[in-house]
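Position chain B against the provided structure of chain A, taking the given hints into account.
2 protein chains.
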Amino acid sequence: MLILSNEDIAGVLTMDVCMEALEDAYKEQAAGRAVNQLRYDTNMPLPERPEREARYEFKTMAGIIPKFGVAALRMSSTLNHRPIRYGVERAERLYLAPGEGTVGLIQLYSTETGEPLAFMPDGVIQGMRVGATFGLAAKYLARKDSAVMGLLGSGWQARFQVAATQVARKLSLIKVYSPNPEHREHFAHEVGEECRVRIQAVESIEEAARDVDILVAATNARAPLITADMVKKGIHISAVQNEISDEALAKAHLLVSHTEQNYWIYNGGKGQYGEAAVHGSQKLQYGKMPLLDDVIAGKVAGRTKDDEITMFRGHGLGLQFAAVGVKAYELAKAKGLGHEIPTEWFTQTLHT
Amino acid sequence: MLILSNEDIAGVLTMDVCMEALEDAYKEQAAGRAVNQLRYDTNMPLPERPEREARYEFKTMAGIIPKFGVAALRMSSTLNHRPIRYGVERAERLYLAPGEGTVGLIQLYSTETGEPLAFMPDGVIQGMRVGATFGLAAKYLARKDSAVMGLLGSGWQARFQVAATQVARKLSLIKVYSPNPEHREHFAHEVGEECRVRIQAVESIEEAARDVDILVAATNARAPLITADMVKKGIHISAVQNEISDEALAKAHLLVSHTEQNYWIYNGGKGQYGEAAVHGSQKLQYGKMPLLDDVIAGKVAGRTKDDEITMFRGHGLGLQFAAVGVKAYELAKAKGLGHEIPTEWFTQTLHT
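From first to last, the protein sequence lines are chains A and B. Residue numbers for the first sequence follow this note's numbering, beginning at 1 and rising by one. Residue numbers for the second sequence follow this note's numbering, beginning at 1 and rising by one.
The shape of chain A in the complex, shown without the other chains (with noise of 0.2 angstroms):
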């Protein structure tokens, strides 16, 4: 089995492969030939640290493919706190192992053998399947004479938004707020040069949010940022987080979203059983929503007329793992990356 560095991945991923593989794992999922295990966060307050809210979190997702051949896990071991920076709450990392390092695994499975295929770390992946999955949306729910696009956050999320974007629609203008000046800056002339697109940083949300085609935000607030006054016809909005405000959501014709169910969160110390978790707005009624697969393999209609207001909440699903993971597993080892370890040590006999 192969262990892979996001190093790898990075030299061999790129974002019209990543939204191809979805796109065939989507039609696989609405076909009933792929299957999601849903998020599950587990966590424990750590009440010694310093921190505000400090936590210990393990997150799990997974999904099975059986026609690209694999199950993908996708885990987090982190310490998480709840620092307010620019008056909101943010949900942010503490990067306490070796090499000021944070844990998140993609682990790659055979649904031929059961064995273990490879194990890679989450961030490349992490930023590139929320953009494919995001562009995906883009290009079934978007106009599609789009061209002008908002962009909410300058983060590591952000920057594959507009890459995957690209792939949907032909942009000319992508106007981006960060509440950092410097951040929303060098985002604008980094990812600007990157993606060849022409790219502005505002000052606000608002500014960013006038006069759009399409509204992405992809940013760690925990708060709704996203108002009714900035849903204007034939906009197309999508949001990683909870910045769609229930007023806001309220406006949409046509709500896609990711997944049927909501998961669940165990919260230790509260209680040791579980809770379901409110992601995204509590007015968000899961089941009775349009899902993303079932649009993208027609089985639904996506956006019919070009003055319709559609959105997408897209929270993750193991499966995107599993499509995404593997084009990045055969592509490095067609190029010989990664450090090999014998399969048998993740392998047992014992008919227990």
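No lab work stands behind these hints, which were simulated from the structure alone. A portion of the hints provided could be inaccurate.
Stated by the list, open to error - Heads up, simulated BS3-like pairs for lysine-lysine below, C-alpha to C-alpha not over 27 angstroms straight-line: (1) B:27 / A:27; (2) A:67 / B:59; (3) B:27 / A:59; (4) B:59 / A:59; (5) A:59 / B:232; (6) B:139 / B:232; (7) B:335 / B:288.
Below, chain B without anything else, positioned relative to chain A:
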């Protein structure tokens, strides 16, 4: 980080250590200082395979115990089928990974830094943690003067039931039943010698259950083997699978559960989303049964009278793998066992 083998673990871990670690872990859980992420099973049918109801199954459970400094993930990646043997449907694995292997791993992570500490196959610990938990159930629920034990099953799980029940009570006789005469005879001889206890192979479930103080089912049968007529005054009964019939369950004065919640199964093929598992009888009311950790912590009374009928139904908890896994890791590390790989292979510095 360390990669351990089943042999490494079998060489260092004893039942006493397992039971002590679990007793401590359950007290942490009862005090709200340890938490479980319940088991989730996800599967896809593999209609091309020749075996009866062949499926690829991916399972996870996790637990966090800050007192021990660890979180554990227990996952398995297996191909399974449902053969009919001795007239009963069995859940069995296919051994298709390299070296006729299968994949079940315990992954230990630090709650202080998030980093991976050790990965190890789950076979030995799987047997020992089930045995240890059932041994603790016997310690807190069986009559103090229990001396005769009936045991259904002669497989991997069954041998650890003998060792663990012996830690809890002074046994003078164990009657073992398995439908295969060779298996039960072999078990009686081998495990009897190993555990220095008299084990008698018997020819029926009824014989195994007659005049016993403790009755344990550790089979892979998916059928209610323990019937109401076997439930005598003062008995303690525990079951790994669904071996206690509804009528037998109804005779319990005290039915203790391992967990307050059922888990989810994601059945690929039938529909892409999950359904709550019915683990054990449909009559089991999760959330209303007293819990083993509360009994051990003294928050809920165990057996109060000699003629009471007590029962324990356990399904696996991530916490068990954290508690027992960390002991295996510490003991193996102290002896210099296992393979070291660079921790940095599984960490990352990207701020995603």
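How the hints compare with the structure:
no. : hint          : result
1   : B:27 / A:27   : violated, 47 angstroms
2   : A:67 / B:59   : holds, 20 angstroms
3   : B:27 / A:59   : holds, 24 angstroms
4   : B:59 / A:59   : holds, 14 angstroms
5   : A:59 / B:232  : violated, 45 angstroms
6   : B:139 / B:232 : holds, 19 angstroms
7   : B:335 / B:288 : violated, 44 angstroms
In the structure shown, a violation is registered for the earlier hints numbered 1, 5 and 7, in ascending order.
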